[in-house]
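Novice: According to UniProt numbering, the stretch in the sequence shown is residues 1 to 755, in order.
Source of the hints: derived by calculation from the structure; they are not laboratory data.
Check before you lean on any hint, since a few could be wrong.
[Said to hold, decoys possible] Okay, the calculated beta carbon distance ranges per label pair:
#  : residue 1 : residue 2 : range
1  : 78        : 3         : 12 to 20 Å
2  : 333       : 140       : 56 to 64 Å
3  : 589       : 646       : 19 to 27 Å
4  : 165       : 276       : 20 to 28 Å
5  : 743       : 648       : 54 to 62 Å
6  : 295       : 752       : 18 to 26 Å
7  : 72        : 52        : 26 to 34 Å
8  : 739       : 623       : 23 to 31 Å
9  : 561       : 743       : 51 to 59 Å
10 : 501       : 609       : 42 to 50 Å
[Said to hold, decoys possible] The calculated DMTMM-like cross-link candidates involving lysine to aspartate or glutamate, where the alpha carbons are at most 20 Å apart (straight line), are:
#  : residue 1 : residue 2
11 : 745       : 698
12 : 644       : 589
13 : 287       : 322
14 : 610       : 562
15 : 251       : 225
16 : 65        : 33
17 : 553       : 595
18 : 514       : 562
19 : 553       : 605
20 : 463       : 723
21 : 644       : 611
Yeah, the Cβ is synthetic: ideal placement off N, Cα and C, and Gly gets one too.
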Amino acid sequence: MTTEVLRNQVMAKWRTAFARINRGEPGIAGMLEFSQAWDLATGFLYPRDISDLTPPKDYNMHYVKASFDILSKSKMLPLLLENFLEDMRKQQYLITREVQHIMSQYEESGDTLHIAQMVFRLVDWYNAWSPIPELGVTILSIYTLTFQTHVFSVLPPSFSRGFKDLIVSTVALSHSSIPPSWLSILPPSPSAVRPDFPLWTAFEQLGLLDRYESLISSVCYEHIEEHILETCAGKWGEPMLHALREWMAEKIVPWMLMPYARGARNTDEARSMLQGVGSRFDFHVCKTLSDLRTREIFDIIIDYPDSLAALQDLKECLQRVDQRAHLVQTLRKANKKRLLHPGADTKDILMQYVSIIRCLRIIDPPGVLLFKVADPIRRYLRERPDTIRCIVASLVGDGESGDSLVDENEPIQPLQQMQVDDYSDPNWEPEPIDAGPDFRTNKPGDVISTLVSIYDSKDLFVKELQVLLAQRLLAITDGNFERERRNIEILKIRFGEAALQVCEVMLRDMTDSKRIDQHVQSQENVVMHPTIISRHFWPPLQAGKFVMPGQFKQLQDAYAQEFHAFKPDKKLRWLPHLGTVHLELALEDRTVEADVPPLEAAFIELFAGKETWTLDELIARVGSIDRTSALRALTTWVDLGVIKETEHSTYYLLEVADVSAGKASTSKPAVVIEDFPAIVTVQQQQAEQMKVFWKFIEGMLTNLGSLPLARIQTMLKIAPGYDRTIEQLSLFMEAARREGLVTVKDGMWKLSPRT
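Whole structure, please, built from the sequences with the hints as guidance.
Specialist: Rendered as structure tokens:
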């Protein structure tokens, strides 16, 4: 029963197949026609060897199309396609052999022409084996996929390198004439078509555009990077971003038409197709320029304001690409390596910091980048002892080198304090997204306010201002104080009237001193012109306790007597170690003129009464001075050939010049400048004051044992007059540790054990 059913099914299928193949023709006429059509179609489709010079068989396309029509009606095209693909697989060794041959030539020579030659040769194979369009899109797409799959499977790894080099060459071909070496490779094309058009057509036909899309993009990326590095590196004086975009429009966009908009039928369609990839390439231009300027940022800041154009380019690039964190990291690293080290002068660090402030305000007006970059600089400057002095020197115009921290074009305004957000302000804006939790919006202010804010209090600056102004006033010899008066008026605007009252007193002392001296000179013509100041309103002056001998003492007494007659309620206290004395020494064979400090004058006065003195005798006669100062003063006269040193620190006067020593007579006055300042610096004052508080610290550590620095600072605040910061206390404690007074372990300070 089962056998009969199976037989009936087979017979039914056979009849159906016979009817389909015979197509209702009488007898087996249809089958005979099908057989002839099959033979003709398979012979026509058979993949031939295009390297074989034997002329191919000439087929009548009318019969060929009729044969495919018969196979289509018989529904045998799928079987024909399967037979064709099997024939392709058998003939694929022909393509493999040719690919290997051409690639071996490329690997030996490195010439990209071999790659182009192979591409065009593969197109020839593709066209030679391609089915006719009448078979339909489906069969053609299956054939294309099979052909490309085989080609990709036989391409060696070196093809990627060669294909990339070939793409690089198309950049030049897109806007230049055809090199002679390419004439034998490129197929003929209309004169209106670009030279690289056949190459891109071949790439698309072989599926290389899709397979190597990222490689094609990388060629453009690298070309952009090379051009930017070549044209923009070190050129900061003119804007480059606009020029780069014009270069992209003239050179790169025409090249992009082939790989990314080759099928566009009009300009609008091409623009639409290039919009996405063009945006990617513009992003890469901004990123590459941003990376370059970020690497150069330290030198760009040094070159400011000549590098303003580069900063504006960087600002625009950072709005396009997210490189802000990289900029901060790079600049902080460059500052640490090139700026924040002991070998850098404090003035140079401040100049660079000011330039950083101005430059980063251009790049990022809200101030987030400046806040992140400036923090290490501010901490480092806070630890330098001469930072305040450098800032103050710039405030009073003491920087005569031409490099000033203050921009003359900036308006003079009061110091700005940290501003709190005013949410009722209609122009209020939220903090930037990359602002940290400690960031506070800093409205653009003057540079001086930013520098003063390095420290918690402006009192330190006021004290340093007083010291520096005192030094400048004492250095004036012509009685012209207009410049200092103008400085004080400017500083009043910045620091306020109250902070500059002491400076006003010092300036008034100088004018009063000049008036008093004029009165004394009118009563008695005295050759000395002292500067008279108020002891309570001036910073402490350097101590000196020696006594001027002989005629100098007489001059001081005479001047003091006239002063007391003019100011009965005042008393003069001389500071004999300060000032300058002009001397004219009349010796037997010469006259020596010299401008020297008072100690040198006191010593040479003693030689007027006695020609030979020992060092100890000289020190005993003038009073309390150290041997180093005495030796330095005597060396001045030895160098001038006035006295000569013998054995056992004995000196004698040279009434007659010592020819053997090679000393010639002096016709011009010699000037000897004292090498120590007249005013005690703020650091010296603080050090002396901290010695007073040492007793408090010593008592704490004795009674309470080991204490952390913060606890010591808290307890010291109850001491009268204590106003130091914890950073200043830390420096003092470290100095005490170096002297062996205290020890520290795990942040706990204790007194050193007494031996």
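Novice: May I ask which of the numbered hints given earlier this structure violates, with the numbers listed in increasing order?
Specialist: 1, 5, 6 and 14
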